[in-house]
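Peer 1: Chain by chain, the residues run as shown.
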Amino acid sequence: MEVIIALAIGVLGGSGIWLLLRPRTFQVIMGISLVSYAVNLFIFSMGRLSLDQTPILRSSRASEVADYADPLPQALVLTAIVIGFAMTALFLVVLLASRGLSGTDHVDGREGE
Amino acid sequence: MMLSWHDHLMIVPIVLPMLVAGLMLLMGEGRASAKAVLNVVSTLALLAVAIALLRQADTGPVQVAAYLAANWPAPFGIALALDRLSATMLVLTAVMALGALLYSLARWHRAGVHFHSLFQLQLMGLNGAFLTADLFNLFVFFEILLAASYGLLLHGSGPQRVKAGLHYIAVNLVGSSLFLVGVALIYGATGSLNMADVAVRIGQVAPSDRMLVEAGAAILGVAFLTKAGAWPLNFWLPPSYAAASPPAAALFSLMTKVGFYVILRLSLLLFGDRAGESSGFVQQWILYVGLATLTFGTLGMLASQNTGRLAGFAVIISSGTLLSAVGFGRVSVTAAALFYLVSSTLALGAFFLLQELMERSRTFGADLLAVTLEAFGLDRSAADTEDDTGTADIGVAIPAAMAFLGLSFIACALVLSGLPPLSGFVAKFALLTTILNPDGLTPEIGSPEPALAWVLLALLVVSGLTTVVSLTRIGIRAFWVPSGRAQPRLRVIEVFPIAAMVVLGIVLMVQAQPAMRYFNDTARALHHPDDYVRGVMSTRQVGAGGAHP
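Heads up: the protein sequence lines correspond to chains A and B, in order.
This note's numbering runs 612 ahead of the 1-based position in the first sequence.
This note's numbering runs 64 ahead of the 1-based position in the second sequence.
Please keep in mind that the hints were generated in silico from the structure rather than gathered at the bench.
Among the hints, erroneous ones may be present.
[Said to hold, decoys possible] Okay, the calculated bits of chain A under chain B, using three or more residues with CB under 8 Å as the criterion: (1) 634-644; (2) 684-690; (3) 704-718.
In this text, a Cβ means the ideal position worked out from N, Cα and C, and glycines have one as well.
Required output: the full structure, derived from the provided sequences and hints.
Peer 2: Written out as structure tokens, the structure is:
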């Protein structure tokens, strides 16, 4: 499981960074989205990976802390996702404004040589 | 134990702008005059609260006061903490905001919708970032202030701003991702997000996890250095600041200081004496980065032809000076750096505002403004007759406009370059003496070799010299070369903030002794964070002993 998560983060982050460095604004926004997915998965895995464990305490279950998933990273990821959404939407608006004003989708507002 | 109204004062700088911004959003897109009044009242209230908090932090019974939001005890809930550094930054924010706001009332606040709401949200984010004692909460406030700053940077629209905004947003989104990775690593290794709690736990981290903490701190550091405009992460800064409308740029000159504030706070809190093996590992890096930034800013200043870009490089010089001073890790140098921070921020804010007035009589600047106003269907006469008594199209003009501009320009140049007699000189003098005379001080961790002190000394002097050269060049071109051009007509409301910031610089110079006393106390508390940790961790809940054991 650790390997799968690590690979997923690595692939998402790597492709995200590659796209981020491309000259088209659409590629940049895709890159930012992929990087933020990678970051969200990363935060999630910082709460330690475990299977079949709830983050909510129940009286019927065992009282060992180790039997529960860490709820904090889950809450953090939720916040990060919401903020990431808002920022992506805002970036999209600026991207469209730039396209409209400059007539090109190059990040510098004009075609490079 | 019940809280009196006095204890709730600490949350006001966050809640008030939030409520006012919400109210202004409900008012729709018009009614700029009513919004302007609300905005000014709110900002004045923020200034009053900030000054009250400053007094409380300086002379109050506790060194560090904490406010437990939602009444959870410190490591579990989100706490706000107020010490001298936070209080200083709050006052500085309110002063800069008031100046930028008054200036914008002359015309800029009508160049786009929602200026006032964004302005208040920006203040909320800034105040929150200065007050919070929680790493993730810091991220949230950073996002709030950044989101508002995207809007303010684009305020007025136009191709130049949209292009600069695109780069600015992309850089900051990546910075935010790094921020999150850093916070997650620190949480993974220490199991806490409360700054004071992390400071305690960081010394107890298992040796196998130490690398995680240090990697987390380094990644976090990269995010903050980007925001502070440190080389090589600052190529976004001069174009964005030059493109922003002057009131927004004046407020932005404070934004780089947020990055610096966090670096100062966290490097001394998390990697001070308590940190065990990790202690002091960031200082050296901050010093090198600061020196590089200072060099870059100096070269950039010499190379820039346009006043807006020049001001951007002045911001970078200011950041570089601050970072390298903090990298020394000495109490007295930090105190001098804080004095420099206040003095240079005021001068930079005034300079950003002044810069537009100087450009005003040039045709290029006038064209740009005309296009912007036209885009929003407000040509100048329409904009002015709406709320003015409407006799002249420029309102109350002050006499001797050129003389005023020239004098303010000279004052800003003196402060920025650190020449006597204004506050910039006091700040640079304090920096240079404390760098060279560490007498009577307890040796601090990670003090760099004396050679680096000489390098910093040389760089500071050279950067001052190049500032003089560049500003003189700009000044000659703006004031002496043009012959027979029309006197620019300035309104009182545009002139007042600039004059007030310059006068504050003079007050800071006259009152240098009490100010330095205050900053020395601030720096001492920062370098010995036990009080901070105790203040945050030992604050009792309201009705303690009851609900949450």
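Peer 1: If any of the earlier hints don't hold here, list their numbers in rising order.
Peer 2: Hint check: nothing fails, all pass.
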